[in-house]
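Undergrad: Here are the chains, one letter per residue:
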Amino acid sequence: MHILKKLIFAVVVICLWIPPDILSVSASVPYHGYNYSYWEQAVPAAIPYQPNQIIDGRDTEYGLLRAPEDIFVTDNGFIYILDSGNDRIVILNEHFEFIREIDQFANAGVTDTFSQPQGIFVTENNHIFVADTNNQRIVELTADAEFIREITRPDADVIRAGFEFYPTKVAVDKAGRIYAIGRGVFDGLIEFDSDGVFTGFTGANRVTFNPIDYLWRVIATREQRSRMALFIPIEFNNLALDQSGFIYTTNSELNSNTPIQRLNPTGEDVIRREGYHPLVGDLEFAHIGDQSGGSFFVDITVNDYGMYSALDGKRGRIFSYDEDGNLLYIFGGIGNQEGTFRTPVAIDYLADKLLVLDKGYSRLTVFDPTQFGYLVNQAVMHYNLGDDDLSAQYWQDVLRLNANYEIAYIGIGKALLMEGENKAAMTYFDNGHNRFYYSKAYKRYRQEVLREHFGLMMGLVLLVPASYFGFKIVKRRRKKVKQIAKRAV
Amino acid sequence: MRNELFKYPFYVCVRPFKGFWDLKYEEKGRTKLGLAILAILTIIVILKRQYSGFIVNFNNPNQLNSIDELIFIVFPFFLFAISNWSITTLMEGEGKFKEIVMVTAYALVPMVMVNSATIIISQFITREEVPLYYFLEGTALIWFLGLLFVGIMTVHQYTVAKTVGTFCLTLIVMGIIIFLGLLFFSLIQQMYAFIETIYREIVYRL
Numbered sequence: 001m002h003i004l005k006k007l008i009f010a011v012v013v014i015c016l017w018i019p020p021d022i023l024s025v026s027a028s029v030p031y032h033g034y035n036y037s038y039w040e041q042a043v044p045a046a047i048p049y050q051p052n053q054i055i056d057g058r059d060t061e062y063g064l065l066r067a068p069e070d071i072f073v074t075d076n077g078f079i080y081i082l083d084s085g086n087d088r089i090v091i092l093n094e095h096f097e098f099i100r101e102i103d104q105f106a107n108a109g110v111t112d113t114f115s116q117p118q119g120i121f122v123t124e125n126n127h128i129f130v131a132d133t134n135n136q137r138i139v140e141l142t143a144d145a146e147f148i149r150e151i152t153r154p155d156a157d158v159i160r161a162g163f164e165f166y167p168t169k170v171a172v173d174k175a176g177r178i179y180a181i182g183r184g185v186f187d188g189l190i191e192f193d194s195d196g197v198f199t200g201f202t203g204a205n206r207v208t209f210n211p212i213d214y215l216w217r218v219i220a221t222r223e224q225r226s227r228m229a230l231f232i233p234i235e236f237n238n239l240a241l242d243q244s245g246f247i248y249t250t251n252s253e254l255n256s257n258t259p260i261q262r263l264n265p266t267g268e269d270v271i272r273r274e275g276y277h278p279l280v281g282d283l284e285f286a287h288i289g290d291q292s293g294g295s296f297f298v299d300i301t302v303n304d305y306g307m308y309s310a311l312d313g314k315r316g317r318i319f320s321y322d323e324d325g326n327l328l329y330i331f332g333g334i335g336n337q338e339g340t341f342r343t344p345v346a347i348d349y350l351a352d353k354l355l356v357l358d359k360g361y362s363r364l365t366v367f368d369p370t371q372f373g374y375l376v377n378q379a380v381m382h383y384n385l386g387d388d389d390l391s392a393q394y395w396q397d398v399l400r401l402n403a404n405y406e407i408a409y410i411g412i413g414k415a416l417l418m419e420g421e422n423k424a425a426m427t428y429f430d431n432g433h434n435r436f437y438y439s440k441a442y443k444r445y446r447q448e449v450l451r452e453h454f455g456l457m458m459g460l461v462l463l464v465p466a467s468y469f470g471f472k473i474v475k476r477r478r479k480k481v482k483q484i485a486k487r488a489v
Numbered sequence: 001m002r003n004e005l006f007k008y009p010f011y012v013c014v015r016p017f018k019g020f021w022d023l024k025y026e027e028k029g030r031t032k033l034g035l036a037i038l039a040i041l042t043i044i045v046i047l048k049r050q051y052s053g054f055i056v057n058f059n060n061p062n063q064l065n066s067i068d069e070l071i072f073i074v075f076p077f078f079l080f081a082i083s084n085w086s087i088t089t090l091m092e093g094e095g096k097f098k099e100i101v102m103v104t105a106y107a108l109v110p111m112v113m114v115n116s117a118t119i120i121i122s123q124f125i126t127r128e129e130v131p132l133y134y135f136l137e138g139t140a141l142i143w144f145l146g147l148l149f150v151g152i153m154t155v156h157q158y159t160v161a162k163t164v165g166t167f168c169l170t171l172i173v174m175g176i177i178i179f180l181g182l183l184f185f186s187l188i189q190q191m192y193a194f195i196e197t198i199y200r201e202i203v204y205r206l
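Protein sequence lines correspond, in order, to chains A and B.
Numbering (UniProt numbering) for the first sequence: 1 to 489.
Numbering (UniProt numbering) for the second sequence: 1 to 206.
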């Protein structure tokens, strides 16, 4: 008994000795940390973000949220929650303190309200654009909830008869052009100029179909054909604008190769795909059963440093990529614990926090970066700002936490290459599986070596054949001498 | 004499018509040497998987398996030899099985040479020079196919058209052999399962 007591005492003492942050490293996140290696395998990785706070309106002056659909965070940190079930907008400051709510506004002297709105966007001068879905309009309000205008069903030659305008998402660029996504609109993004006049569709997805379906269509009779499903391009389901006015979109196609796109002003997809894998979220997934199939992105958000995070509505995961298309980290999941979701619908950055809005649980989850997440974010940020050295330092720290983090090796390699440490850079690019930069480093290294040993090389080039022929001549002479000697004998 | 035997495969590479003729009628080839060439090629290809330069090496080191090379080199080699022999004996080919094996193996010499060269070259190339690497690889393959064609033609004393015909038939026969092999193993498996089931039933009932 005495020994047992001693043992327990010893264990307690040891536990007290361990600093608390070590104990909380594996702490209580309800999802696995993983990432995809260069070889397309899911490998364990450090947890990048952990849930810190849940905002659902309980015990607050604005009351419970109900089936919220969208969220928008402005540059100065104000959070606009589109509380669709209550047909209102709740505005919070960056500390999640209530500022005000907008549930009605005066439209031409009459009190007007929203009806099941699904999208919100706030411009730099704090004008609020709401995709007021069931009222079939986009409403623009000032910061003080004064009605400015509404944009209703566009009217133009290119619009099909029977076109119905149910805007679900909206975004406004710096020039005041308004982009909207409409329910059932597969022509692309609906674009309006700053006066709210319809100017056209942009960035239409291409029609995809499989060859067998096409074959059937070709050999079918007209009557059969009329009863077949149409080949229809995929509709977008969400959009976000980055600092330079490019539009990031997600679409609702299953198992698509391009679920994430970055559209330039002419509607072309210009996203960079220099990572190891296509930008499709999960690479390994079940093909049958619940939650089968590839990731299904429902929202995307971009930060000021080109990083973007896409929200997979199917498995509740968040995939963060850098501007080159490297998959940085993955977190989140479906579940009923803090940090998991039931029906996640929207995501947004608040500085380096990530806010995820869950329609199913009617709540907003605030994720804070862990040390690992913070270091990765810093490394990406400094690289984006052009400070390779500082970025490399952060990557070194990242490697200390996760030595299998292949992207970090590339980051450090790039910095070494800049400094002219070609040989070391080669090792890092090898570890990072980056052939493009490896080749660059190797080319310089090879030149360096050749230049250094130019004398030796040229010497060999000249000496080896010279000595060979010299040897031959000597041999021949000896033979001749021998023959002459023989004859003489 | 021995020295000449070792030099002969290289002579065949550059003078295939005369080389293969002498191989058959002057007995300048050795089956053992042919099999040695095959073994060397297998080793070279294993080395290539493991050690070719990073720029052109896309193999996952965790998944390399030297036994696989037997399946991808030695097995097709004998599959080809057997299929070709089965076809040509029926089509008045003059070649013996031993000669077919020898000719096929001697034709592999350029593959051995070029592949061992490219392993070394691949250590010293950049991305811009990669096409050169693949060009060499392609050359080796075409060279091999050319030698194989000439060799089979000479050994069987065929015309060009007949050689092309037998090659096509050989491919078909290779397919048939693989099919029969799979069928055989699948049947064995089924029978094994059947016997095992009966045994279990009996054991349970006793």
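A few of these clues could be false.
Simulated pairs of lysine-lysine, BS3-like, Cα-Cα distance not exceeding 25 Å [as the list claims (entries may be wrong)]:
id: 1; chain 1: B; residue 1: Lys7; chain 2: A; residue 2: Lys475
id: 2; chain 1: B; residue 1: Lys7; chain 2: B; residue 2: Lys32
id: 3; chain 1: A; residue 1: Lys443; chain 2: A; residue 2: Lys475
id: 4; chain 1: B; residue 1: Lys48; chain 2: B; residue 2: Lys28
id: 5; chain 1: B; residue 1: Lys18; chain 2: B; residue 2: Lys7
id: 6; chain 1: A; residue 1: Lys472; chain 2: A; residue 2: Lys443
id: 7; chain 1: A; residue 1: Lys440; chain 2: B; residue 2: Lys48
id: 8; chain 1: A; residue 1: Lys423; chain 2: B; residue 2: Lys48
id: 9; chain 1: B; residue 1: Lys98; chain 2: B; residue 2: Lys48
id: 10; chain 1: B; residue 1: Lys7; chain 2: A; residue 2: Lys472
id: 11; chain 1: B; residue 1: Lys98; chain 2: B; residue 2: Lys18
id: 12; chain 1: B; residue 1: Lys7; chain 2: B; residue 2: Lys98
id: 13; chain 1: A; residue 1: Lys443; chain 2: B; residue 2: Lys48
id: 14; chain 1: A; residue 1: Lys440; chain 2: A; residue 2: Lys423
id: 15; chain 1: B; residue 1: Lys18; chain 2: B; residue 2: Lys96
Listed next, with one range per pair, are the computed distances between beta-carbon atoms [to be verified]:
id: 16; chain 1: B; residue 1: Glu201; chain 2: A; residue 2: Arg273; range: 46 to 54 Å
id: 17; chain 1: B; residue 1: Tyr25; chain 2: A; residue 2: Arg476; range: 33 to 41 Å
id: 18; chain 1: B; residue 1: Val160; chain 2: A; residue 2: Arg476; range: 42 to 50 Å
id: 19; chain 1: B; residue 1: Asp68; chain 2: A; residue 2: His287; range: 21 to 29 Å
id: 20; chain 1: B; residue 1: Leu187; chain 2: A; residue 2: Leu283; range: 36 to 44 Å
id: 21; chain 1: A; residue 1: Gln291; chain 2: B; residue 2: Glu201; range: 38 to 46 Å
id: 22; chain 1: A; residue 1: Arg273; chain 2: B; residue 2: Val203; range: 55 to 63 Å
id: 23; chain 1: B; residue 1: Asn60; chain 2: A; residue 2: Gln291; range: 51 to 59 Å
id: 24; chain 1: B; residue 1: Phe97; chain 2: A; residue 2: Gln291; range: 27 to 35 Å
id: 25; chain 1: B; residue 1: Gly138; chain 2: A; residue 2: Leu460; range: 45 to 53 Å
id: 26; chain 1: B; residue 1: Gly138; chain 2: A; residue 2: Gln447; range: 22 to 30 Å
Source of the hints: derived by calculation from the structure; they are not laboratory data.
Note that the coordinates shown come from a computational prediction; the quantities given were computed from them, not determined experimentally.
Heads up, the beta-carbon is just placed ideally off N, CA and C, and yes, glycines get one too.
Undergrad: None of the hints should be skipped; say for each whether it holds.
TA: Verification of the supplied hints:
1. For the given pair, lysine 7 of chain B sits about 24 Å from lysine 475 of chain A by alpha-carbon distance, which is consistent with the 25 Å threshold.
2. Annotation: proposed proximity of lysine 7 of chain B to lysine 32 of chain B holds, straight-line Cα distance about 14 Å (limit 25 Å).
3. For the hint linking lysine 443 of chain A to lysine 475 of chain A, the alpha-carbon distance of about 42 Å lies beyond 25 Å, and the restraint is violated.
4. Distance restraint check for lysine 48 of chain B and lysine 28 of chain B: the Cα-Cα separation of roughly 31 Å exceeds the 25 Å cut-off, and the hinted pair is therefore not satisfied.
5. Note on lysine 18 of chain B and lysine 7 of chain B: the hinted pairing holds, with a Cα-Cα distance of about 15 Å set against a maximum of 25 Å.
6. Restraint check: the Cα-Cα separation between lysine 472 of chain A and lysine 443 of chain A comes to about 38 Å, which exceeds 25 Å; the hinted pair is violated.
7. Distance restraint check for lysine 440 of chain A and lysine 48 of chain B: the Cα-Cα separation of roughly 23 Å lies within the 25 Å cut-off, and the hinted pair is therefore satisfied.
8. With a C-alpha separation of about 23 Å, the suggested pairing of lysine 423 of chain A with lysine 48 of chain B holds against the 25 Å cut-off.
9. Of the supplied pair hints, the one linking lysine 98 of chain B and lysine 48 of chain B is violated, its CA atoms being roughly 29 Å apart against a limit of 25 Å.
10. A C-alpha spacing of about 22 Å is found between lysine 7 of chain B and lysine 472 of chain A, which places the hinted pair at or below 25 Å, so the restraint holds.
11. Of the supplied pair hints, the one linking lysine 98 of chain B and lysine 18 of chain B holds, its CA atoms being roughly 19 Å apart against a limit of 25 Å.
12. A C-alpha spacing of about 20 Å is found between lysine 7 of chain B and lysine 98 of chain B, which places the hinted pair at or below 25 Å, so the restraint holds.
13. For the proposed pair lysine 443 of chain A and lysine 48 of chain B, the alpha carbon gap of about 22 Å is at most 25 Å, so the pair holds.
14. As the CA atoms of lysine 440 of chain A and lysine 423 of chain A are separated by approximately 11 Å, the hinted pair is consistent with the 25 Å bound.
15. Annotation: proposed proximity of lysine 18 of chain B to lysine 96 of chain B holds, straight-line Cα distance about 18 Å (limit 25 Å).
16. For glutamate 201 of chain B and arginine 273 of chain A, the Cβ-Cβ distance of about 58 Å falls outside the hinted range of 46 to 54 Å, so the restraint is violated.
17. Range check, tyrosine 25 of chain B to arginine 476 of chain A: Cβ separation about 37 Å, and the 33 to 41 Å hint holds.
18. In this structure the hint that valine 160 of chain B and arginine 476 of chain A lie 42 to 50 Å apart at CB holds, the actual value being about 46 Å.
19. A C-beta distance of roughly 27 Å is found between aspartate 68 of chain B and histidine 287 of chain A, which places it inside the suggested range of 21 to 29 Å.
20. Against the hinted window of 36 to 44 Å, the Cβ-Cβ separation of leucine 187 of chain B and leucine 283 of chain A comes to about 38 Å, which satisfies the hint.
21. A beta carbon spacing of about 41 Å between glutamine 291 of chain A and glutamate 201 of chain B agrees with the range 38 to 46 Å that was offered as a hint.
22. At roughly 60 Å, the beta-carbon separation of arginine 273 of chain A and valine 203 of chain B lies within the given 55 to 63 Å, and the hint holds.
23. Checked against the hint of 51 to 59 Å, the C-beta distance between asparagine 60 of chain B and glutamine 291 of chain A comes to roughly 28 Å, which is inconsistent with it.
24. At roughly 57 Å, the beta carbons of phenylalanine 97 of chain B and glutamine 291 of chain A sit outside the given window of 27 to 35 Å.
25. For glycine 138 of chain B paired with leucine 460 of chain A, a C-beta distance near 31 Å fails the hint of 45 to 53 Å.
26. With their beta carbons about 28 Å apart, glycine 138 of chain B and glutamine 447 of chain A fall inside the hinted range of 22 to 30 Å.
The structure fails to meet hints 3, 4, 6, 9, 16, 23, 24, 25 from the earlier list, while all remaining hints are met.
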